[in-house]
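Build the full structure now, drawing on both the sequences and the hints.
Just so we're aligned, residue 1 is where the sequence shown starts under UniProt numbering, counting upward by one.
Simulated from the structure, these hints should not be mistaken for laboratory data.
As the structure is a prediction and not an experimental result, all values here were calculated from the model.
One or more of the hints may lead you astray.
Here are the simulated SDA-like pairs of lysine to any residue, each with C-alpha atoms no more than 20 Å apart in a straight line [unchecked claim]: (1) K44 <-> L12; (2) K151 <-> R196; (3) K158 <-> R196; (4) K151 <-> A108; (5) K44 <-> A119; (6) K164 <-> R205.
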Amino acid sequence: MIRLLLVDDQNLFRQGLATMLSVEADLEIVGQASNGQQAIHAAKMLQPQVILMDVRMPVCDGVQATREIHQYYPWIRILVLTTFDDDEYILQSLQAGALGYLLKRTPAPEIASAIRSVAQGYSQLGPTIAPKAFSQLKSLSDDRVLHSLSKREVEVLKLVGEGKNNQEIALELYLSEGTVKNHVSQILSKLEMRDRVAAALWAQRNLL
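What follows is the structure in structure tokens.
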């Protein structure tokens, strides 16, 4: 059972979404919030596995809430569900720690499917969102990049692409967190990428 927290300042939309998702046997809605501040508090109290997060909200927006929740509770997966497909919102949300970005017009069965994927640590980008996100990635020769990475760096990069954090990667590869952090820094340098999200997206396209 996947525990869900729904965050949206539009009460009718949030309640309608709750109704649609409640018919899914493996999804359990454990709470709702109408702004980012409430979301941060609910994340602490309820410890959901996945949060559906809107972007534009009063008091505290979804990007800031995502950043704080990801910082303190990195095991909670965050899937942005919003009306806005602006490049800036997409990039800020992914950089803040969101694993996915969907638009509200996405059919309910697809949202449910995305929730399951995000719960497993995989990124989920809507069909109009993916090109915008990938356009931020520098075009690189796959062969050149892979030859520049060590065998261990490729192993680490694959796990980054699966959405695992440094602690999870360290446990899986029997390394210290400090060593994993160094590997990730080297990978970003070699791929000429500025953050972990870009590396994860590249890994999903080329390694998984």
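Do the hints match the structure? See the list:
For the suggested pair K44 and L12, the alpha carbons sit about 25 Å apart, so the restraint of at most 20 Å is broken. A distance of roughly 19 Å separates the Cα atoms of K151 and R196; the hinted pair therefore holds under the 20 Å criterion. Among the hinted pairs, K158 with R196 is consistent with the structure: their alpha-carbon atoms are about 12 Å apart, no more than 20 Å. Of the supplied pair hints, the one linking K151 and A108 is violated, its CA atoms being roughly 40 Å apart against a limit of 20 Å.
Distance hint between K44 and A119 is fulfilled; the C-alpha atoms sit about 18 Å from each other, no more than 20 Å. Annotation: proposed proximity of K164 to R205 holds, straight-line Cα distance about 16 Å (limit 20 Å).
In terms of the numbered hints stated before, the structure departs from hints 1, 4, listed from lowest to highest.
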